[in-house]
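Could you put together the complete structure from these sequences and hints?
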Amino acid sequence: MTAPLSRRSLLLQVAGLGVSVSFLGGSAFAADGAMARRKLVVVICRGGMDGLTVSPPVGDPDYAALRGAVAVAPDQALKLDGTFGLHPALQSVHALALKGQARIAPAIASPDRARSHFEAQDVLETGAAQVYGVSTGWLNRTLEVMGPSRVEGLSVGATAPLILRGKVQAASWSPGKGVDETARLPTLLQDLYKADPLMGPAFARGLETEAMAQAAMTALNPAPVPVSTDTTAMNGSGMAPQVAASPPMAQDARAIAGQRQGREAARKLGATLAGFMVQDGGPRIAAISLDGWDTHAGQVGQLNTRLSYLDAVLDGLNTGLGDEWRNTVVVAATEFGRTARVNGTGGTDHGTGSTALVLGGRLKAGGIIGDWPSLKQEALFENRDVRPTLDMRGLFKGVLADHLGVDRAALDATVFPDSADAKPVTDLV
Amino acid sequence: MGKQRAQGKTGDARETNGVSLPSNDLMAAIAATRFGLGARPGEIDAARDDPRGFLAAQIRPEGADQPQGGEDSAQRLAEVSDYQMQKRDAKAAQKDMGGDAKSAPVKDLQKDLRDQAGDDFLARARLGATTDAAFRERWALFWANHFTVSATSLAVGAVAGPFEREAIRPHVFGRFEDLLVASSTHPAMLLYLDQAQSVGPNSRAAQYQRKAGKTAGGLNENLAREILELHTVGVDAGYHQADVTEFARAMTGFSIGRPKDPSPHRFLFRDNAHEPGARTVMGRRYAQEGQAQALAVMRALAASPHTAYHLATKLAVHFVSDTPPPALVARLRKAYLDSDGRLDEVARALVAAPEAWDPVAAKFKTPYEFAISTWRSVDAQPSGIDKLAPVLTGLGQKPFSAPSPKGWADEAQVWCAPDALIKRLRFSEGFAAVVADRLDPSLLAQTALGARLTPPVAKAVARAETRREAMALLLMSPEFQRR
Numbered sequence: 075m076t077a078p079l080s081r082r083s084l085l086l087q088v089a090g091l092g093v094s095v096s097f098l099g100g101s102a103f104a105a106d107g108a109m110a111r112r113k114l115v116v117v118i119c120r121g122g123m124d125g126l127t128v129s130p131p132v133g134d135p136d137y138a139a140l141r142g143a144v145a146v147a148p149d150q151a152l153k154l155d156g157t158f159g160l161h162p163a164l165q166s167v168h169a170l171a172l173k174g175q176a177r178i179a180p181a182i183a184s185p186d187r188a189r190s191h192f193e194a195q196d197v198l199e200t201g202a203a204q205v206y207g208v209s210t211g212w213l214n215r216t217l218e219v220m221g222p223s224r225v226e227g228l229s230v231g232a233t234a235p236l237i238l239r240g241k242v243q244a245a246s247w248s249p250g251k252g253v254d255e256t257a258r259l260p261t262l263l264q265d266l267y268k269a270d271p272l273m274g275p276a277f278a279r280g281l282e283t284e285a286m287a288q289a290a291m292t293a294l295n296p297a298p299v300p301v302s303t304d305t306t307a308m309n310g311s312g313m314a315p316q317v318a319a320s321p322p323m324a325q326d327a328r329a330i331a332g333q334r335q336g337r338e339a340a341r342k343l344g345a346t347l348a349g350f351m352v353q354d355g356g357p358r359i360a361a362i363s364l365d366g367w368d369t370h371a372g373q374v375g376q377l378n379t380r381l382s383y384l385d386a387v388l389d390g391l392n393t394g395l396g397d398e399w400r401n402t403v404v405v406a407a408t409e410f411g412r413t414a415r416v417n418g419t420g421g422t423d424h425g426t427g428s429t430a431l432v433l434g435g436r437l438k439a440g441g442i443i444g445d446w447p448s449l450k451q452e453a454l455f456e457n458r459d460v461r462p463t464l465d466m467r468g469l470f471k472g473v474l475a476d477h478l479g480v481d482r483a484a485l486d487a488t489v490f491p492d493s494a495d496a497k498p499v500t501d502l503v
Numbered sequence: 005m006g007k008q009r010a011q012g013k014t015g016d017a018r019e020t021n022g023v024s025l026p027s028n029d030l031m032a033a034i035a036a037t038r039f040g041l042g043a044r045p046g047e048i049d050a051a052r053d054d055p056r057g058f059l060a061a062q063i064r065p066e067g068a069d070q071p072q073g074g075e076d077s078a079q080r081l082a083e084v085s086d087y088q089m090q091k092r093d094a095k096a097a098q099k100d101m102g103g104d105a106k107s108a109p110v111k112d113l114q115k116d117l118r119d120q121a122g123d124d125f126l127a128r129a130r131l132g133a134t135t136d137a138a139f140r141e142r143w144a145l146f147w148a149n150h151f152t153v154s155a156t157s158l159a160v161g162a163v164a165g166p167f168e169r170e171a172i173r174p175h176v177f178g179r180f181e182d183l184l185v186a187s188s189t190h191p192a193m194l195l196y197l198d199q200a201q202s203v204g205p206n207s208r209a210a211q212y213q214r215k216a217g218k219t220a221g222g223l224n225e226n227l228a229r230e231i232l233e234l235h236t237v238g239v240d241a242g243y244h245q246a247d248v249t250e251f252a253r254a255m256t257g258f259s260i261g262r263p264k265d266p267s268p269h270r271f272l273f274r275d276n277a278h279e280p281g282a283r284t285v286m287g288r289r290y291a292q293e294g295q296a297q298a299l300a301v302m303r304a305l306a307a308s309p310h311t312a313y314h315l316a317t318k319l320a321v322h323f324v325s326d327t328p329p330p331a332l333v334a335r336l337r338k339a340y341l342d343s344d345g346r347l348d349e350v351a352r353a354l355v356a357a358p359e360a361w362d363p364v365a366a367k368f369k370t371p372y373e374f375a376i377s378t379w380r381s382v383d384a385q386p387s388g389i390d391k392l393a394p395v396l397t398g399l400g401q402k403p404f405s406a407p408s409p410k411g412w413a414d415e416a417q418v419w420c421a422p423d424a425l426i427k428r429l430r431f432s433e434g435f436a437a438v439v440a441d442r443l444d445p446s447l448l449a450q451t452a453l454g455a456r457l458t459p460p461v462a463k464a465v466a467r468a469e470t471r472r473e474a475m476a477l478l479l480m481s482p483e484f485q486r487r
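Keeping their order, the protein sequence lines are chains U and S. Residue 503 is where the first sequence ends in the working numbering, and the numbering goes up by one at each step. Residue 487 is where the second sequence ends in the working numbering, and the numbering goes up by one at each step.
Careful, some of the hints might be misleading.
What the hints assert, rightly or not - Facing chain S, according to a computed beta carbon distance under 10 Å, are these residues of chain U, among others:
1. A143
2. L259
3. P260
4. Y267
5. R279
6. D368
7. T419
8. D423
9. Q451
10. E452
11. R458
Claimed, not checked - In silico lysine to aspartate or glutamate, EDC-like type, Cα no more than 16 Å apart, as pairs:
12. K153(U) with D134(U)
13. K111(S) with E75(S)
14. K463(S) with D444(S)
15. K463(S) with D265(U)
16. K410(S) with D365(U)
17. K318(S) with E415(S)
In case anyone wonders, no lab produced these hints; they're calculated from the structure. Here the structure is a predicted model, which means the values were calculated and not measured. Idealized CB from N, CA, C, for every residue including glycine.
Laid out in structure tokens, this is it:
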């Protein structure tokens, strides 16, 4: 009983953070030698992550005045170069940066300029030049162009992110008691779902993922975590009366109160993801979502917490991947940055350019990715935001081309439609 | 094609503009499942004579039903304010004495507030599980989701339930403009989207603050942006950043009374926080003073054809299909514009539209719809929030916690994820374990799905090894999961 119980307990804590994980991987990679071990993880930070807090340009002469109360103090920032530092919560990222295994792209944006979360996330995840251009995700199309592939997928959190939606079936997984796929009920249901184009494949994938999750958790082999049944989101019977379940908001409070625990859980999430990826035939492409970056008010405390989670997830990935870290590239990106000026409520509003983090053992050392436009008033985009100097698609294309060997023509036309103008960033790996 | 089929039935008026309608039996089942919240025993029979009339009779000027109980938002915010004060005092005491920052009374207050939010949600779920007018309830739920407030803080959680009761339910069959104003002036929305703190940079309040050497408050454009993008004209309406900022300036002053103000914990327009001067939003100039200015902008937004199209599309997606027939959207849009934004007329147009009665059940139930429909199928209701909240949280729809101001997604692709199906199966097995032993599963399949029940599912239910297995199969069948 110990193993499944600790698995549930662990992932329940993770689920409380508003985190979801999804995997895509395929045997297409296994066919081609050196590429066979290459891995890519995309972290989507939803809500508009403030680049000027992630990698504060403390050496930029206009930074402190524009940012006022939400500025990171120069002596607090973890130094990267004469201009940039990292937010003090990003300790693991900073340690990697000192080894040349983490870099920042401090003025990056998708092609979307509407400052709408929903539109900008769609553009980020579909890889289209504009909203409503495409209805499938670019990670899904990446696998499509790499050849017929078998997908292993999982998401912690019950919904499917757009970046993984498409022709290739992606899966999802979140904590709960597993289902034995050889039991009578699943078999009968698979029969009833035969004619349903949505439920049939989804249910089959759900059953497979259950088996895979067991294997991942065994690979991770966590120390047993004490089980507290009162946070059980879904219990065996679904409504067992003996469970003293919490009222709706109680779990949030616990997450806040246990910020340390949260960081530990986030690290385990990263390590669990790594546990999936190091399996033979396991996923080589994964996407994680981290919510909660929309900081219109009281930004300092919120970002402290969120960046601490992000750092812990990345740290868990790094340590969990072990030797495989050298075959891995991780990109953390957001739909847009935030206003260069602090607003009237201790926060910032929707902006344009932000920071992407690029990490991995295969990374070539180097300075910032793309140019820094500075924060001079005349340099700001629409006198308001960090002016983007790098197209997000160029960064992703560079990674897909040089790291995973995706063909340039396919990148320009299929993975990122109509994107020939967005040149791949070279010399990343 | 539909025409030929309809011509076969002589004298039958089952055709409107070339779209044929299904039989009364099938329409009755669709009325209860697609437009309602899943059939209770007897509901499909009640709808059989006149399925469209059965739904139209649920539309009424006084709005939606109200869930039982619950304090109003001002009382709740007073409790939140008490809690915050006591917490501050306890913190100060801790500094002096080195005691526990969260004393027992402070924790109790916090727990009370959370319990009340749980009670609100449970009362709403019980209404959904028991109402005879489930179309009316679904219509109200649509608008509550359209004007989402999500429990991102203790305060918003405390007033999410009252918001629905006070700002949404009374107005869902009235004019959209009134619903928009009720939502945009309710403390829950003003808190959730940061409007309460927004201050005009040139307002008297900001000037006093600067004179006093304090950091002056400033503009927060969050609510203004979401009203444009999500609540009214939609992101494609051709507005720009400058329109958002101008609207945000017009809305400065929309706030909540503090304990010593004349309307404590209720909407208060603070004239001294209002940005002076005329505003231009989407090409129209607004020279009004005070709160009349933002209200005039809202009236213009409500009257916009962009809003009519945005709402018509969203309603068609919610009720009928993720890719709705353009003819249906056009009907709803026309009903909105012809009636000056009357939502009862839009509801009537939806029920009357033949495209809304397509026999194919294209929609996949959200977790809330699924859970409520299971209780309805056995004529029961959730007995406690502890039976409901963990289930919904596990299925990805935590109570009062939509992931963003956009609200819960409506598309099948989002909810019909592999893991979600496994979770639904676990829930169905657990539910069946509690209720199935006293029921006749084959009869239940008939009362829950009526003419929508297909032979393979009827057969699987009839041949199941146990009543529990039969019940779980029914709840997990494509017919029950879809609507």
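Taking the hints in turn, this is what the structure says about them:
The criterion of a C-beta within 10 Å of any C-beta in chain S is met by A143(U), whose closest approach is roughly 7 Å, and the hint holds. With its C-beta approaching chain S no nearer than about 6 Å, L259(U) sits inside the 10 Å limit, and its interface hint holds. Because the smallest distance between the Cβ of P260(U) and any Cβ of chain S comes to about 7 Å, under 10 Å, the interface hint for this residue holds. Interface restraint check: Y267(U) against chain S, minimum CB-CB distance 6 Å, threshold 10 Å, status holds.
At a threshold of 10 Å, the smallest CB-CB gap from R279(U) to chain S is about 4 Å, leaving the interface hint in force. Because the smallest distance between the Cβ of D368(U) and any Cβ of chain S comes to about 8 Å, under 10 Å, the interface hint for this residue holds. Annotation: T419(U) was flagged as interfacial toward chain S, and the flag holds, the nearest CB pair being 5 Å apart, inside 10 Å. Against a cut-off of 10 Å between C-beta atoms, the interface hint on D423(U) holds, since the closest Cβ of chain S lies about 5 Å away.
Interface restraint check: Q451(U) against chain S, minimum CB-CB distance 17 Å, threshold 10 Å, status violated. Taking 10 Å as the C-beta contact cut-off toward chain S, the hint placing E452(U) at the interface is violated, the least distance being around 18 Å. Using the Cβ-Cβ criterion of 10 Å, the hint placing R458(U) at the interface with chain S is satisfied: the shortest such distance is roughly 8 Å. Between K153(U) and D134(U), the direct Cα distance comes to roughly 13 Å. Compliance with the 16 Å bound is thereby established for this hinted pair.
Taking the CA atoms of K111(S) and E75(S), the gap is about 20 Å. The hint is violated against a cut of 16 Å. For a cut-off of 16 Å, the pair hint linking K463(S) to D444(S) stands: about 14 Å separates their Cα positions. Taking the CA atoms of K463(S) and D265(U), the gap is about 12 Å. The hint holds against a cut of 16 Å. Using a Cα cut-off of 16 Å, the hinted pair K410(S) and D365(U) holds, with the two alpha carbons roughly 14 Å apart.
Straight-line distance between C-alpha atoms of K318(S) and E415(S) comes to about 11 Å, which keeps the hinted pair within the 16 Å bound.
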